[in-house]
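Q: Spelled out from the first residue to the last, the chains are:
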Amino acid sequence: MSAQQSNLEVLPTSIKLVLGMGLVALLAFPFVGTPFYTEMVTRMMIMAIFAMSLDLLQGVTGLVSLGHAAYFGLAGYALAFLTPQGEAVSLWWTLPVAVLASGLAALIIGFFVVRTHGIYFIMVTMAFAQMVYYVFFDNRALGGSDGLYVNFKPSAAIFGWVPFDLDSKRTLYYFTLGALLLTYLFLRRLLFSPFGRTLSGIRVNEHRMRAMGYGVFGYKLAAFTVAGALAGLAGYLWGTQTGYINPELMGFHMSAHAIMMVILGGMGNFAGAIVGAFAFEYLLHVFKDLPQVGSINLGKHWQLWMGLFIVLLVTFAPRGILGLFEKFMKRKGTDHE
Amino acid sequence: MDFPQFLIQLLNSVQYGLLLFMLAAGLTLIFGIMGVVNLAHGSFYMLGAYLAWSLSAAFGSLTLAILVGAVLAVAFGLALEWLLFRHFYKRSHLDQVLLTFGLIYIFEELRSIIWGDDVHGVTIPALLSASIPLTENLSYPVYRLFMSGVCIALAIGLYLLISKTRLGMKIRAGAFNRDMAESLGVNIKLIHATVFALGVGLAAVAGMIAAPIASVYPNMGSQVLIMCFVVVVIGGIGSVRGALIAALLVGLVDTFGKVLLPSMAGMLVYMLMAAVLLWKPEGLFKQ
Amino acid sequence: MSSRRLLLTRSAAVIGSASVGLLLPEIVRAQGAKVRVGFMLPYTGTFAQLGAAIENGFRMAVNEQGGKLGGREIEYFKVDDESDPPKGIENANKLVLRDKVDVLVGTVHSGVQMGIQKVARDTGVLSLIPNAGVHAATRSLCAPNVFRASFANSQPTRALGKVMVDRGHKKAVWITWKYAAGDEAFEGFKEGYTAAGGTIVKELGLPFPQVEFQALLTEIAALRPDAVACMFAGGGAAKFIRDYAAAGLKGRIPLYGSGFLTEGVLDAAGPAADGIITTLHYSDSLDTPRNKKFRLEYAKAFRSQPDVYAVQGYDTGLLLVQGANAVKGDLSNKAALYKSMRGAVIDSPRGKWTMSASHNPIQDIYVRQVENKENKVIGVAAKALADSGAGCKMT
Chain A
1 MSAQQSNLEV
11 LPTSIKLVLG
21 MGLVALLAFP
31 FVGTPFYTEM
41 VTRMMIMAIF
51 AMSLDLLQGV
61 TGLVSLGHAA
71 YFGLAGYALA
81 FLTPQGEAVS
91 LWWTLPVAVL
101 ASGLAALIIG
111 FFVVRTHGIY
121 FIMVTMAFAQ
131 MVYYVFFDNR
141 ALGGSDGLYV
151 NFKPSAAIFG
161 WVPFDLDSKR
171 TLYYFTLGAL
181 LLTYLFLRRL
191 LFSPFGRTLS
201 GIRVNEHRMR
211 AMGYGVFGYK
221 LAAFTVAGAL
231 AGLAGYLWGT
241 QTGYINPELM
251 GFHMSAHAIM
261 MVILGGMGNF
271 AGAIVGAFAF
281 EYLLHVFKDL
291 PQVGSINLGK
301 HWQLWMGLFI
311 VLLVTFAPRG
321 ILGLFEKFMK
331 RKGTDHE
Chain B
1001 MDFPQFLIQL
1011 LNSVQYGLLL
1021 FMLAAGLTLI
1031 FGIMGVVNLA
1041 HGSFYMLGAY
1051 LAWSLSAAFG
1061 SLTLAILVGA
1071 VLAVAFGLAL
1081 EWLLFRHFYK
1091 RSHLDQVLLT
1101 FGLIYIFEEL
1111 RSIIWGDDVH
1121 GVTIPALLSA
1131 SIPLTENLSY
1141 PVYRLFMSGV
1151 CIALAIGLYL
1161 LISKTRLGMK
1171 IRAGAFNRDM
1181 AESLGVNIKL
1191 IHATVFALGV
1201 GLAAVAGMIA
1211 APIASVYPNM
1221 GSQVLIMCFV
1231 VVVIGGIGSV
1241 RGALIAALLV
1251 GLVDTFGKVL
1261 LPSMAGMLVY
1271 MLMAAVLLWK
1281 PEGLFKQ
Chain C
2001 MSSRRLLLTR
2011 SAAVIGSASV
2021 GLLLPEIVRA
2031 QGAKVRVGFM
2041 LPYTGTFAQL
2051 GAAIENGFRM
2061 AVNEQGGKLG
2071 GREIEYFKVD
2081 DESDPPKGIE
2091 NANKLVLRDK
2101 VDVLVGTVHS
2111 GVQMGIQKVA
2121 RDTGVLSLIP
2131 NAGVHAATRS
2141 LCAPNVFRAS
2151 FANSQPTRAL
2161 GKVMVDRGHK
2171 KAVWITWKYA
2181 AGDEAFEGFK
2191 EGYTAAGGTI
2201 VKELGLPFPQ
2211 VEFQALLTEI
2221 AALRPDAVAC
2231 MFAGGGAAKF
2241 IRDYAAAGLK
2251 GRIPLYGSGF
2261 LTEGVLDAAG
2271 PAADGIITTL
2281 HYSDSLDTPR
2291 NKKFRLEYAK
2301 AFRSQPDVYA
2311 VQGYDTGLLL
2321 VQGANAVKGD
2331 LSNKAALYKS
2341 MRGAVIDSPR
2351 GKWTMSASHN
2361 PIQDIYVRQV
2371 ENKENKVIGV
2381 AAKALADSGA
2391 GCKMT
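Protein chains in written order, with the working numbering: chain A, 1 to 337; chain B, 1001 to 1287; chain C, 2001 to 2395.
Incomplete in silico selection of chain B near chain A, CB under 8 angstroms:
#	residue
1	V1037
2	L1099
3	G1102
4	Y1105
5	E1109
6	I1226
7	V1233
8	G1266
9	M1273
10	L1277
11	E1282
The hints are simulated quantities; they were obtained by calculation from the structure and are not laboratory data. Owing to the predicted nature of the structure, the values given are computational and were not obtained by experimental measurement. The beta carbon of each residue, even a glycine, is placed where N, CA and C say it ideally should be.
I would like the entire structure built from these sequences, with the hints used as guidance.
A: Structure below.
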């Protein structure tokens, strides 16, 4: 039923330049920003990893998941369970374990979910996420509705030598930035690999791919699993940064926000997911901090502005910020230096 | 659980299921006929409840409030379709999800601005406020029987509309092949507007009728929304008959689940949905 | 200018201004002599009314006491926590790290409170709780800089048990939502009821925030207990009361509850609520000069009737004023500040109360009965009831 749009996959030089500038800004930021904003940008980067993981599923493979937050939250819970009450746990094995846990959950749930299509896929991903949500919400042993603390940030110590300390906001910032870059590079390579090309083919025309002999189910399941594992990476970092895991992290709203971030930036190239995550968080920040005008507190009604923005975005700029950018560049394309 | 108890719980299941059906019917119609995913459906339910509250306070009569409210809701539905939804029939599901998600935010905030954030009640009309004793301890409210009756009447009405009238025939034709139907002289734009307004109207009337027993409060829409989607998916998108069967199933599982398996009650309905989709990946009665 | 150069300069401008935009509030707000008070409350969503009532009560208390804290002017900051737990830490940090508040007043939702608690323990900011009854805040996670001016989830229900047994209802069914607040309320009820000689026939729970009660009401009727005790709040409470009456249980099986069952919902519940007995640390109809004066002043200032949330907000304000006055506005003198607040006697509309060793109110719990959309006080269920503070490392 849905019209498959061709994605912006190969990034034009102009966009690459802008991304490069963004990277420079990110590298320099902790030296200019206060601890509060350093923390905020760290969180934006974590959301960007989460958004990129969803982009693999949604933008590249064309599978819209309303339950992606389940894998995000699961890794956070893994960290919370693995961290003892009184001391820190090692980063080097808990990170892979958490990511694998999310990936495994995605594999199991994906096995049930990937056989459905279209709207059914959307609904069934949501249903499974709700199930996972309730498992944690209803069980005091798993933290219940009040959630769990991660009392100590994971320690990077290897046999006594401590290469870096995640307790420092700045160190955690650069660690997250590193994770962001690695994830981006990994996904970009994946996009242009045979695996990635197959996924794109599935998005454009699944029947044709099947007719050509590709095991479509297996590819979709693999995409679902990898996306889940990467969401787990983001979730682990979230748990590390905030130290507090709550079932709402796996909820419907979190999943919906992820979808919005991916669409806001522009789907299918991962750069859009990063742009979208930053833009979305920044916009929320702006709307909530709107000043009082006369007798109306504009900031209080931030939901209205956010809703209007989303409606306008999807009506006039369905390919997101990078899509607008691309259009703008095409129009000005006749100018030469 | 003894037999009388079982029967009463059965009655509870059916009544809850019928209410879910009323909501899900609108959703499945909009989706089945126009292919539009509408996450804001819960907001229409909430709109109905708030209309019932403010109009019955203004008119002093719930019946009048429901009649006027239904007209207002349908008008609102028509306006919304003309302004927004009609441009999204050909768009991807993703865009529709996004659009309707934005609408949820807008409606929630508008509700807060217009009607405030308090909890409100709507009085049951005196005629329907009695309770029928079932056992020495338990009575069944007449109003719930009335609600079930309305839902059944609605189910019959919808069935007759879709399968026995010319309008229904045109709707089915349009759903089957829009361009063909259009070239045969069917005014597809009008059909779509009608179906959309009907869907909105159904949801709003469900909210209005349920208001006396559900109370009226912020966020009441999001709670029913998810259940509604579960029903539509289990039943098969576009199938009103499927929505009915699925709603009754959900009612059964939810009611008996609460009593027999309370520790898993929250998840049972989702497990039901997962099981159905494993067996029939496109719902029970796929169109 | 070529399009590429244009693009680059424009992008640089966007990125640059975004960064500066993030930094600007920092530059503009210089340190002054004003005390910074930050409200972290739900201003949107299901609990919006509660957030508004708490803030109103707080401001009223401060204004009554002269509008200053220890002689210093006040600057208020606000953050809408949306009752969203994942954003709890982020929102608390907005007030503590960005706005650099001296005091954080919040919040309503227990899940969000857990986030605030973490920030409070990590940063040491003075944290005053105007509602959330989550046990951990004054038990296992207690801290010298965290004070609660409301209640612990088990306090109102702990006093309920004896009231029921005294009225001859020795076999009861308990029903609530299955979430932390419900569990903690049950903890209190179980303790008090069994200690007074009552037996809990069955413990029923339904998933939060479902409001389809019919199945469980049928179950209750079949069990035939002497009475039903429950904990519901908000829209769900109104629905439960109405469903209970419509199922014919009203009058046959007496309904008791934590006071939140009948707070703010009596208009919505209507005559179905008449006769319900609840226990709570406050009641609108409390017939004391202090309460009457408070209600009059509040109604004048805010053109609406105050509820228990407004009182809790008010008491939070009184607590802070007392503490600030004791240190003459020098909030950095933490030892003296905490000592003063720990020893505070709050002359509240709910009656005088004091602070327990784990920083939770030691207060009287009243028995109320609903009569014509009002909670009439019919007695005192428990005097000077304290929360155990079990697991608190300060005591």
